[in-house]
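A.B. asks: Please dock the two separately framed chains into a single complex, following the hints provided.
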Amino acid sequence: MERVLVNIPSNPIFERVVRASASELGQAIGLPPERVEDLKLAVSEAVNNAIDHGNRREATKLVEVVFVLEPDKLEIHISDQGQGVEQLNFSRRTIDESNLEGGMHRGFGMYFIGALVDDYEVRSSQQGTVMTLRLYRKDAIS
Amino acid sequence: MSNDVIRREEFGEVAVLHILTTSVDTNSAAAIEATASQAAMRPITVLDFANVAFINSAGISALLKFVVSARKAGNKLFAMNVSPHHQKIFKMVEMSRFMPTIEERDLASYR
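Residue numbers (my numbering), protein chains in the order written: chain A, 84 to 225; chain B, 101 to 211.
By construction, these hints were calculated from the structure, which means they are not laboratory data. Hints are not guaranteed to be accurate.
What the hints assert, rightly or not - Mimicking EDC-like on lysine to aspartate or glutamate, the simulated pairs with C-alpha atoms at most 20 Å apart in a straight line are:
1. B:Lys191 - A:Glu180
2. B:Lys176 - B:Glu194
3. B:Lys176 - A:Glu184
This is chain B alone, in the form it adopts within the complex (with noise of 0.2 Å):
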């Protein structure tokens, strides 16, 4: 599955959805959420930041889809290549209580 702004990649048990979009934004919001299904998730699923140059409240909210989708799913969500700015903004809101981060590396083991 791929469309503008995100594209999948899948392997074993885990789906990293790379976000395509600089922009985090109203404009981008409802092509992120468009994707935020169940279906495009598995037990591990992580969103990779490292093209994302800048989030806001309307990005907040669209990220929440996936939240919310992998909670009723019981799959683990977690972000990658957040930038310092967008881990300070995470934590204002509390985002990483519900996406905490992970590092690349840490994905080696089910490649």
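Next up, chain A with everything else stripped away, as it sits in the complex (with noise of 0.2 Å):
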């Protein structure tokens, strides 16, 4: 087992340092090229959540992934500094016509995260919430 550790400011375009590692891991242990794309849209998400949700873009609050590199899978964890949340919700979720005209464009977020790795998991407390995020080589699992 290999561990690659990022610590990020929460300013949002450090997120993208932290996309770029998981593209070139997920290279490395040989996920197939649509994986690759799928893991660096979760990972996104998952950082853009614990930048803005969970920290509240305070700078001086840090976002801290673990990338773990296993034989079999990825497995990401993705901590803030934040309050903790209750509950996020992963449901799918689309656009239509009402919150099209109303004005309600986000929340894809959390549910791109759960239709595009393969388990997931989030930990919360008040000293923070730890999103994990797992991704398996089929060809090792078969």
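C.D. replies: In structure tokens:
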């Protein structure tokens, strides 16, 4: 097992650093190109959620991302230093006429995470929230 | 009209908005949204994703501003050069219903 740690300030520009790391590591463990794209999007959404809703963009608070590379899977832990969240909604969300006209253009991020990774979990307390994402190497399982 | 993230091309009834940034995300969303005015559009408006390597939910929110502007003006909005991954993402949120894809060759008759 190998671990790669990336700490970023709560500024959205640094989400791109984490995304680039996810891309490199996904390729390094042999994920197919389409799964690497899924990984990048899921990690991007989780990190942006930690920056915006966890740390509320307070520059002094960090988002910590740990990539754990195992023979059969890539596991990513995204931690913030916020006050915790009650519940995240990973259910399917689509664009419809009512949310278009009402300007409700947010909320797709958690749906993308839930749909694009193989499994995920969220642990939240008053000390912060940790989201764990997992993508399995299909060739390692079979 | 042109800024760092969009280059506009117009011919006849068509406006093609070439997205220049490779990442349609939180960082580029404000600049993209700023170009989503009815003045930038024509009866047929096409967003060109040829340069776009990444789109996330913040980027989709920005793109929806074009959908809203186009609907208000009664314009038709299309997407062009969308990668297979982004076609999948658009399908997941049903963006394709509001911004179907078009092929570059379909625009030839307007030039």
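A.B. asks: Next, verify each hint and record whether it holds.
C.D. replies: Hints, verified against the model:
Between the alpha carbons of lysine 191 (chain B) and glutamate 180 (chain A) the distance comes to roughly 16 Å, so the proposed pair stays at or under 20 Å and holds. Among the hinted pairs, lysine 176 (chain B) with glutamate 194 (chain B) is consistent with the structure: their alpha-carbon atoms are about 16 Å apart, no more than 20 Å. Between lysine 176 (chain B) and glutamate 184 (chain A) the CA atoms are separated by roughly 17 Å; this keeps the pair inside 20 Å, and the hint holds.
In summary, this structure violates none of the numbered hints.
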